[in-house]
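*Asks:* The residues making up each chain are set out below.
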Amino acid sequence: MNAPARTLVPWVVGQWVRGERFYGRTRELAALGGAADGDGGGRRRWVAGLRRIGKTSLLRQLELLALEPAASAAAPVLPLYWDLEGGDDLEELALSLDDALLDAGRAFERLGLDPPAPGGGDPSALLERLGADLAARGASLLLLCDEADRLAALAASHPGRVGAIWRAAGGAGRVVIASSVRLADLAGAAETVEGFGEPILLGAMEPAEARELLGQVHLPEPARPGFDAATVEAIRETCGDHPMLLQLAGRRCQEHDDATAALERLAAEPTLDHLFEVDLALLSAAERRALAAIAGGSGCALLDPAAPAVDRLVGLGLLRPTPRGGFELRNRLLAGWLARQPNLIET
Amino acid sequence: MRRRAAVLPPILLALALAAWPGSAGADPWYVHHDNARRALEAGDWRRAVEEINQAIERRGDSGVRVRTYGMRVTDYFPYLTLGIAYYRLGEHDAALEAFDTEERLGVVASSEAARAELERYRGLAAAAREAEGAAAAAASEEERAAAILAENLAQGRELATAGRLDEAMAALSRGLAVAPEDAAANALMADLRERAAARERERREEREAAEDLARARGLLDRGEPREAAALLRRVIEVRPGEEARGLLERAQREIVAAVEEERRGERAAAAVADARRLAESGRIDDALGRIEEALALAPGDAAAAALRDRLEREREAARAESELAGRLRSAGEHLAAGRFEEALAEANRALALERGNPQALEVVRRGYAEISRRLLATGAGESVPPAIRFADRRTEVDGEPAERVDQPDFRLTGVAIDATPVTVEVERVGAAGGRRAGGDISVTASSQPVGEYFVTELAAELRLPPGTTVLAVTATDADGLSARSEYTVIYERPWYAAPWALAAAAGLPLVALGGWLTARERRRRRLRRRRFNPYIAGGPVFDEALFFGRERLIQRILQTVHTNSLLLHGERRIGKTSILHQLRRRLEALDDPEYRFLPVYVDLQGTPQERFFATLADQVFEAVGPALPVAGAPSREPALGRPGYDHHDLMRELDGWISALRAASPKRVKLVLLIDEVDELNDYDPRINQRLRSLFMKRFAESLAAVVAGVRIRREWEREASPWYNFFEEIEVAPIEPGDARELVLGPIRGVFRVEPAAAERIVEAAGGKPYGIQRRCLALVNRLHERGRRTITLDDVEAVEREGGW
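Residue numbers (this note's numbering), protein chains in the order written: chain A, 1 to 347; chain B, 1 to 807.
By construction, these hints were calculated from the structure, which means they are not laboratory data. A couple of the hints might just be wrong.
[As the list claims (entries may be wrong)] Label-pair restraints from in silico Cβ distances: (1) B:E292 to A:A261: 56 to 62 Å; (2) A:E212 to B:R652: 33 to 39 Å; (3) A:E277 to B:A303: 31 to 37 Å; (4) A:G121 to B:A589: 43 to 49 Å; (5) A:E221 to B:P449: 42 to 48 Å.
Predicted model only: the values in this text are computed from it and were never measured. Glycine is no exception: its CB is placed at the ideal position from the N, C-alpha and C atoms.
Work the whole structure out from these sequences, hints included.
*Replies:* Below you can see the structure in the form of structure tokens.
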């Protein structure tokens, strides 16, 4: 059979990305900054955000940056991405660390180091051994923990175990955890985030970054979608520079000739219902009330900018200040959805 | 009645006597009456009759308180007494007559006691007489029944002996109708029934065997030997016969042939696969050998034929390359050994294979230089004529060098070497050596300096007549010196190029057209005879020719799957499984410049969660194992055979396989899991889902994608707590477009059956554009045509199938 003519679609929806498919987050990478090069404030950093905002991709990008030769020329770093999904069970947590070590095989090879023997069932002991091995080679650990919400349950059921893990990891290098914004409210959160300080909120992309993403500027010219500037701006405004929505909208606009119609159809997709429902459930009651106030005020409202809820909503990329001192929803898709869900806001 | 008639005269006589006065005084009535009463009391019934009759003779009328003698009175009911006496004697008719007489006389009505007695005895007498009659009648019936039975039993036996069972049973039935309990008749009837049943069974078996034989014959004619054999075995078991045995042998031969055919197909496929592997490893000749095997086994295998053509082209190219190398090597050896003429000849052959080959040109230059040096050894600086060397393919023919060809178009190549560029002329030479016009010869020549010489590559193209042609090549240099060489070529015209053959060929298109039409009709008939029905209803569509209406969807997936995982959802039988299979085929065949796709089809139906990861691992290995580099593919124990195999084991294996595949391929590797019946995951423990998702969080997930298909999306998947939350891009699998649906109706049977346009529209409409519904309806409709021996599906057919629900 002849191979059919195929136009590859560059958009990625659902799966994590890094490298050439990763766009933006310059500010966040700088804030985590030293994580990759061994410098920057604090040995423990916490990234929080809503779902599908790009937390995993951010950690994977940090991992990739740490693997670049220039990043660790002076002080070699071993990045270790650890998926904590299922980590509310101690045994499973230990096995997931074994998996993470296997997954980081190339990083170990690069340092000429064998991964510590798996097993033992005690992640903190294993991390201590790893720290010792790394220290012997003048290297340090960059532990990148995803889905850190799961640890809260473990901290609640096994007090002290999570703290021990952080101590062991901190002794070996630096730790970055990524979680939902809800982590602070969970039982066991105190031990889980102890020493991590205030979270860096991962929200909307910067406008320039969003434009780069929509232009797919990392790809060779012929592989780029070739949206005109007006379409790019229309997509940005519609999606509020939300990375997943930008990808989704980019895809829809590339599939259909009429970008306006494509964006209208996107607004009706069930995927968005699911996304917004879940996002809303992660917010506090005050935050939901703030959103309700804006949704009820034709998209903008005068809120107290000093209120923690407003501050966090801005950080999460849901609100932005208006020139007249009010706030508006940054994301038109969310605004449209909220307008259709008044009861959900109230509850 | 006779008895009653006999009683009447004495009564009348008694009445007469009673009326005669002289008789009473001598023997009074009351004495006899009294005697009669006493006789009754004594049970002397006969005497009572006699006495009362005497009384009646003397006094015939009844009376109440009738004076007897003196002042004595008595109730006198003589007929009542007579009736009682007769009743006691068992003469019931006479008794009843007497009672009636008493009643007619009327007096009894005035005596309640007498009337009651009369009624009582009359009732008794009547009942007795009735019983008597019934008994008599019964006795009479029995006699008749016995006679009927005897007659019919005899008749039945006689008919049974004659084998006329039905008639015998009919006769016996008449006998049993009057004597149902008769043992002999019942025994005979049972025997007859048994014999009749046996005979009926035999007849039925015979009829069924005949029908089965006919059906088996039909099945054989339709090319269904397996079904025919099963039928014939049943026939032989019941009614062994030569014809059935003969047909069974035929069926078995055809089954063996079919099995052989299937095996040949499998062996052919294996041979083609071998050939591909051999070809990939550069063993072209071995690959062609295997391809020939495949074609011998399956002469119609288009893929094998295409592969053979490709490999032959490659071999030819390799051969030419090899020949060129050999010529160059040989030229070099000749040159080194001082055999300059031979070196030039070989170099010329090499140039004929590859114009302008620098190595060959260098040999020519050096060879010519040496020849020239030798020629000029006595007079250096003098010009010499050009040297002409042909790409020589001549052999010795009748003692002379000549090249034999079987095509009229001929190309002569060679070089002319000189210190200056040369002009070249080519002409035909007549049989006697005279020159002939060479206007039809196209000559090209190009000179290029090679060292201190010019090498002029020449080529002459012409159309040869049959027989011998001598070509004369003349090369003239700038100094006017020329050289001439001749080249003889013999065109041996094949028979089919002869004029008579060409004339015959002029009529060939008509013959071919006729042949094509005949072949087409034969094919149609053959397909119809074999009950050709290409539609598939129930199973997934593997055949690309039967896969309609999903191209846009497939393209959408192919454009996406390199970076995304997808969820195909849609109602049952909408075609999700077929799409996954077609995706597998398309991804396998996809020659993408950037990605190497390795699709793995995984059907989760019926997979228990305990075996999920092991099943997945084995199916992935089955697909990627052959692609793994030998060094990276050690012998592997199936995961299903390893107790406790879990997602950590799978992760390790996947990591190893993907790493090996990446190392072995210059392209980006993408392992695409095509997971069918993903609804099974809904029923798994959430942790299993979580663990499956964790695979996609690993680094190797950059080389991993999933296209999953299911009926419903579990609501929990849409929730934040779900590991799959917003992981997949969802695509709904909807009914196919009307145009595609019509093509699905028409395409598979095009050229064999026709479909009225309205019928096609109706099928599409009734099926709602769902491929499964269309296929099922078409399946039923084609079967209907076979049954009715027709070739066109009409609207009536469609409506009939809709009514029957035959789809």
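*Asks:* Run every hint past the structure and note whether it holds.
*Replies:* Evaluated hints:
Taking the beta carbon of each, E292 (chain B) and A261 (chain A) are about 58 Å apart, inside 56 to 62 Å as hinted. Under the hint 33 to 39 Å, the C-beta atoms of E212 (chain A) and R652 (chain B), about 37 Å apart, fit the expected range. Between E277 (chain A) and A303 (chain B) the beta carbon distance is about 51 Å. The supplied range of 31 to 37 Å is therefore violated. The hinted window of 43 to 49 Å between G121 (chain A) and A589 (chain B) holds, with their beta carbons roughly 47 Å apart.
Separated by about 45 Å at the C-beta atoms, E221 (chain A) and P449 (chain B) satisfy the suggested range of 42 to 48 Å.
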